[in-house]
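Work the whole structure out from these sequences, hints included.
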Amino acid sequence: EPEVTQTPSHQVTQMGQEVILRCVPISNHLYFYWYRQILGQKVEFLVSFYNNEISEKSEIFDDQFSVERPDGSNFTLKIRSTKLEDSAMYFCASKDPYEQYFGPGTRLTVT
Amino acid sequence: GDSVTQMEGPVTLSEEACLTINCTYTATGYPSLFWYVQYPGEGLQLLLKATKADDKGSNKGFEATYRKETTSFHLEKGSVQVSDSAVYFCALSDFGAGNQFYFGTGTSLTVIP
Numbered sequence: 080e081p082e083v084t085q086t087p088s089h090q091v092t093q094m095g096q097e098v099i100l101r102c103v104p105i106s107n108h109l110y111f112y113w114y115r116q117i118l119g120q121k122v123e124f125l126v127s128f129y130n131n132e133i134s135e136k137s138e139i140f141d142d143q144f145s146v147e148r149p150d151g152s153n154f155t156l157k158i159r160s161t162k163l164e165d166s167a168m169y170f171c172a173s174k175d176p177y178e179q180y181f182g183p184g185t186r187l188t189v190t
Numbered sequence: 468g469d470s471v472t473q474m475e476g477p478v479t480l481s482e483e484a485c486l487t488i489n490c491t492y493t494a495t496g497y498p499s500l501f502w503y504v505q506y507p508g509e510g511l512q513l514l515l516k517a518t519k520a521d522d523k524g525s526n527k528g529f530e531a532t533y534r535k536e537t538t539s540f541h542l543e544k545g546s547v548q549v550s551d552s553a554v555y556f557c558a559l560s561d562f563g564a565g566n567q568f569y570f571g572t573g574t575s576l577t578v579i580p
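The listed protein sequences derive, respectively, from chains Y and H.
All residue numbers for the first sequence refer to our numbering, where the first residue is 80 and numbers rise by one.
All residue numbers for the second sequence refer to our numbering, where the first residue is 468 and numbers rise by one.
Since the hints were derived computationally from the structure, they do not count as laboratory data.
From the three backbone atoms N, C-alpha and C, an ideal C-beta is built for every residue, glycine too.
Please note: incorrect hints may appear among the correct ones.
[Claimed, not checked] Covered stretches of chain Y (chain H as the covering partner; in silico rule of three or more C-beta atoms under 8 Å from a C-beta of chain H):
#1 106-115
#2 121-129
#3 177-190
Below is the structure:
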């Protein structure tokens, strides 16, 4: 069964460093998403992506975040200069006409 | 704006006990409602969904009914098993508002033998 994959499963980085979280969506899906979950809090929408551009973004998705689909299979989330409060689980999702499919998540720890 | 309020956890039950996890929502349109489950170390898996009022979603013995009058989508199971131990997330998606999902905080369920 097709599934969304994410790498790495756990990333530890120092404050101020850039990180890139990678996702491989299901191959025939056209809509892609990033969500995050700070420990003990809600899963929060960050951004949606369609037709090679951002279609919607939340207030959380400020200038330090960017997304890219560099090669037609990967979908990446970049955080330019990480802060302690960026520590969270980051989920990628892709969507067919009926539902979203979520990846297993990347746990980002900023020290 | 749209939001989901979910019963606080953690919940600990004995095997074969009844489960109810409460979920209420606020939405401006006509959302679809979902329950996702996250087993330890895994991603979010769709458990069940309902797309309109009075629909009942069901899967693996779990059920939830879309109640527009009470804006609720409570998750129920008559007899839980140890293998049901996981975190359960209620979510809504108002497809007229961009397809994004709004999640509750999650309820951790532990079933003990």
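Quick check: do three or more residues in the region 106-115 of chain Y have a beta carbon closer than 8 Å to a beta carbon of chain H? It holds, with 3 qualifying residues against the three required.
Taking 8 Å as the C-beta cutoff, is the stated coverage of the region 121-129 of chain Y by chain H satisfied by three or more residues? holds (count 5)
Whether chain H covers the region 177-190 of chain Y (at least 3 residues having a Cβ closer than 8 Å to its Cβ atoms): Holds, because 7 residues of the region 177-190 of chain Y bring their Cβ atoms closer than 8 Å to Cβ atoms of chain H.
When held up to the earlier numbered hints, the structure conflicts with none and fits them all.
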